[in-house]
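Taken in order, these protein sequences are the chains called A and B.
Residues in the first sequence are numbered from 1 upward in steps of one, following the numbering used here.
Residues in the second sequence are numbered from 1 upward in steps of one, following the numbering used here.
Quick caveat, the hints were computed from the structure, so don't treat them as lab data.
Since the model is a prediction, treat every value here as computed from it, not as a measurement.
All residues carry an ideal CB built from backbone N, CA and C; glycine is no exception.
Treat the hints with caution; some may be incorrect.
[Stated by the list, open to error] Not everything, but these chain B residues come out facing chain A in the computed CB check (under 7 Å):
{"no.": "1", "residue": "Y65"}
{"no.": "2", "residue": "P67"}
{"no.": "3", "residue": "R116"}
{"no.": "4", "residue": "L231"}
[As the list claims (entries may be wrong)] Computed cross-link-like contacts, DSS-like style, restricted to lysine-lysine with a CA-CA straight-line distance of at most 25 Å:
{"no.": "5", "chain 1": "A", "residue 1": "K602", "chain 2": "B", "residue 2": "K440"}
{"no.": "6", "chain 1": "B", "residue 1": "K126", "chain 2": "A", "residue 2": "K542"}
{"no.": "7", "chain 1": "B", "residue 1": "K22", "chain 2": "A", "residue 2": "K542"}
{"no.": "8", "chain 1": "A", "residue 1": "K603", "chain 2": "B", "residue 2": "K117"}
{"no.": "9", "chain 1": "A", "residue 1": "K542", "chain 2": "B", "residue 2": "K28"}
{"no.": "10", "chain 1": "A", "residue 1": "K276", "chain 2": "B", "residue 2": "K351"}
{"no.": "11", "chain 1": "A", "residue 1": "K327", "chain 2": "B", "residue 2": "K126"}
{"no.": "12", "chain 1": "B", "residue 1": "K126", "chain 2": "B", "residue 2": "K152"}
{"no.": "13", "chain 1": "B", "residue 1": "K126", "chain 2": "A", "residue 2": "K603"}
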Amino acid sequence: MQTTTVHETHADVHVHGPGHGGGHHHTETFISKYIFSLDHKTIGKQFLIMGMAWAIIGGFMSVLFRVQLGWPDETFPVLERIFSTWFTDGKLNPEAYYSLITMHGTIMVFFVLTASLSGTFANVLIPLQIGARDMASPLMNALSFWFFFIAGVVMFASLFLPTGAASAGWTIYPPLSALPQTSPGSGNGMTFWLIAMVLFVASTLLGGLNYVSTVLNMRTKGMTMFRLPLTVWALFFTAIIGILSFPVLVSCVVLLIFDRGLGTSFYLSNIVIGGKALPYAGGSPILFQHLFWFLGHPEVYIIILPAMGMVSEILAVHSRKPIFGYKAMIFSILGITVLGFIVWAHHMYLSGMNPFLGSVFTLFTLLIAIPSAVKVFNWLTTLWRGNIRITPPSMFAIGFVSMFISGGLTGIWLGNSTIDIQLHDTYFVVAHFHIVMGIAAFFGMFAGIYHWFPRMFGRMMNETMAYIHFAITFIGAYLIFWPMHFIGLAGVPRRYYSFNEIEAFSQYGDLNKLISVATIIVFLGQFLFLVNFFWSMYRGRKSVQNPWQANTLEWTSPIEGIHGNWDGELPTVHRWPYDYSRDPNSDIDFIPQTVPLTEEEKKDKIHH
Amino acid sequence: MAIILGLLTLVLLYIVIVQISKASDLIKSLRSGDEHEESFGNGALFTSFIGFAVLIYSIVTCFVYAPTMLPKPASEQGVWINDLMNITIVLTGVVFIITQVLLFWFVYKYHYRKGRKAYFFADNNKLEVAWTVVPAIVLTFLIGFGIQKWFKIFSPAPKDAVLIEATGKQYAWSIRYSGADHTLGKRDFSLVNPDNELGINWNDAASHDDFMADEIVLPVNKPVSINVGALDVIHNFWLPHFRLMMSAVPGVPTHLWFRPTITTEEMKKETNNPNFEYVVACNKLCGSGHYNMKKKVRVVSQEEYEKWFSEQKSYYTTVVKPAMESGAFKMPVSEVAENTAAASANGFSGKLSTGFELVGAVNGGVENKLVTFIQSDKQVAKDIWFSFDRLLFETGKSTLKPSSQEQLKNISEIMKAFPAVEIKLGGYTDNVGDQKANLKLSDSRAKAVMAELIKLGVAANRIKAEGYGDQFPVATNETDAGRQQNRRIDIRVTKK
Ligand code: HEM
Ligand SMILES: [Cu+2]
Ligand SMILES: [Cu+2]
């Protein structure tokens, strides 16, 4: 990393940095610079690297359980030699299978696509794009990372418990998760899971409060709310959703901890195991589901909004056009945020709740498709008549739009309670959420990394490798998840260790093999990205100051990355971030936000 | 070896790709700025091609896989759901194709060309209103249609419906039919005990004609009303062919009704599959056996149904009452069919003459089979073996897991209650792996169980133990479940 020299020469910039108090000049060690750093750019990188590690672990788990689903009758002594506790006679045990899918879901949803995605880009982009020297509270920011780190350590440790990691699915519905006698993973594994999640929520809240206050209070001169890039808007609403919904997860989890440890009955009632009545009375497992999904649904938007924001920005920059419907984009994010809080029970249509409630939630759920549709149409219009530069970021952004369309449309099926009677908890749901959330968010994340890599490391990533990475991932993702729609429509339930025990579900042996093969190839393909990432970090082509010719402020701060972000004065903003190709007579097709308005432009009332 | 080769190829492939990529980087940095920009359009065809290829793949596979999906809905409710689904498929399908085509067409059509000017187009109120309002109208239609059917599906069941209770527990469904009186006997949680898992109140006369069924038999074209519940964790009662499901939640009763319209026989013809069976499967993760929690469903003509119905024996009169009269009223309800005969023959209650009450023993469990055999007048024979069902060993070792203690204790108590009895223990494995090792493992496992029983106070000369390796399988070694059944310890009475 090149920051060292630059940093020494600009050491005086420190005094402007918030959170540094006095004007002392301190020397930094490796530890204070890279490990316990307070600099938002470094913390962003920490979140990114951590997320990459988790993504590899989570991805590898999916390879293991896909091996079981693809070749249910084969034995794999090699795997047994490596993972001796999870395999018996060369085959993955059912208990281990369920632990693996649970950990895979938890890791991907929370650790990679929530913590790492928001953590990376909120940290790297918010201060740089609003023109601030750092976050409102760099210390809270660092704490946010370290809580995330510790949560990860606890979660990881649970894999090595003799009774196995939690195995009740990432949604950990009680009573299964509450009663260790019903599943070995509900022993210590579940305790670890619950502790890890409480730590995780602490991390999210520390981060989220910081992002919100930074956006509200630390914008540079001229940066009004309606001049913020859509990335910042998206990250801002993401943080708000997190602040409002994650505490509910904590209460949900704490009540479960009470039921498990203190003999309370919040979620338990009338339970009989092995012919014995357990002394729980008066609780309801449905209460848990309400609390869980009150977070759970907003959570999916916590995952997708940052990706949407980045894709909006990247599509505008690379098609050399303003994002179409800037305000509509903001209001659709707002609409999604608000509606996102009143649709949670669409995950529970068939939990036995009152049918009237089901109909109300159907109404709200299908309403939320409207702002989603508006966004898709706006992205398409942004590309229309553009001068689209095909680069790794724009490619992944386009892939994102494709995925979001495919997965969003199946949401319209599932959101309709009547259709959900047939599809709930089948493979169709697995297809839906992997495409619309899992893959789409990963595409947003890749687009973001390829786009802002020069901003983070001062070098460009290799394009050839990126193209191959794109092709493998895009084609592979469709090969893996598209056929799952058919499997679901054939009635096959999700979370099945084997499809051969029930005749009606056993017909897709070949298809499941194909899916597993694609999974392995896509997994291996990701190493191309990793090689590219680390190789380019040290050896990539040096980036120029503004490699994509973008308007936003982050490209005005020295590309090498300095503490405090700008030498001397902070930049002043004069216009909105999307003045691409504004002047048809000019050869230069972008006008950075720092360029003052011309007299002519001042008369034009819209868009500055 | 193959693995090492595979890895090597992979590494080589990676090295090649990385080297080529580096070269392309080098060329880029040598080029002047202008030429570099030229390359901005190069990937357009590539991206667009991939996009269209995937689009075609996704459309074609829909048609390829359509015949493998569920046959036509076998219930009135299923037809409604299916109709709504078809409308949705068409609507979303059209939007899917249009938007994906536009996306990947734009990518190619508007890709970077030197000197091309992008069109500054930031807003258009008319357009934006249009694509807010049009989806809103379409969605309103879908919501309206959906909610109307939703309320119909969850309306109260007709009075003449066949009334059934389905209760899930790890990992089986137990099915209780209301008898001739169309009323299910009341249940009371405080009455639950190992012999009465459901807590049925036998003082409620309505319970006296109820019967337990080991398959769900339904008359065609008659409404069926199902009370769904669970004992231990949440399950989900999923009837794929009828397109219906409902959660089974402990402590929260749920309900479902529908009208089956196609008999099993008709469906066999419809699907050209002589082995076709309707099934109810569990559709909510309920533990490690979730994937194998099923029950057969049979839809038959009214006459067949009535015949079947008349052959069913009231659980109360065949099991509970005799047991009550013999003074040992305590009967489990699971796996009734298998145990009805044995239980009514001797009224064995789980309580031994020594006063010891067997812990956690279920009907159909090895304890009950053993006692039933000892008490019966059947002769001791070389081929009458019973399999332990709650013994667990550490993987690949002969160390018993602590959870095995309950059953071992039960067996030792049975031995004490019947002092004349002598037994032999047999150890078995599946056929995976080395035969000799299997033999050895099975032998040491059988011996380990013997040692444990001796520790629990059974005289050593009353027990023998031997390992048989992979001989005498009781199930197929082809499937996982079969192999699991074959890895077992059996017990045989050699003298009584
Ligand atoms: C067009 C808008 C959408 C609608 C109407 C919709 C509707 C639904 C419904 C009704 C379910 C429950 C299905 C079931 O379990 O039976 C569901 C599941 C899910 N959806 Fe969506 N969805 C939409 C978009 C999204 C988006 C944008 C995301 C994420 C970014 C997402 C993520 C998920 C996830 C993760 C699940 C499964 C959770 C689980 O059970 O494990 N959905 N969706
Ligand atoms: Cu949701
Ligand atoms: Cu289940």
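Inset, instruction - Taking the numbered hints from earlier one at a time, note which ones the structure violates and give those numbers from smallest to largest. - result: Structure breaks hints 2, 5, 6 and 12.
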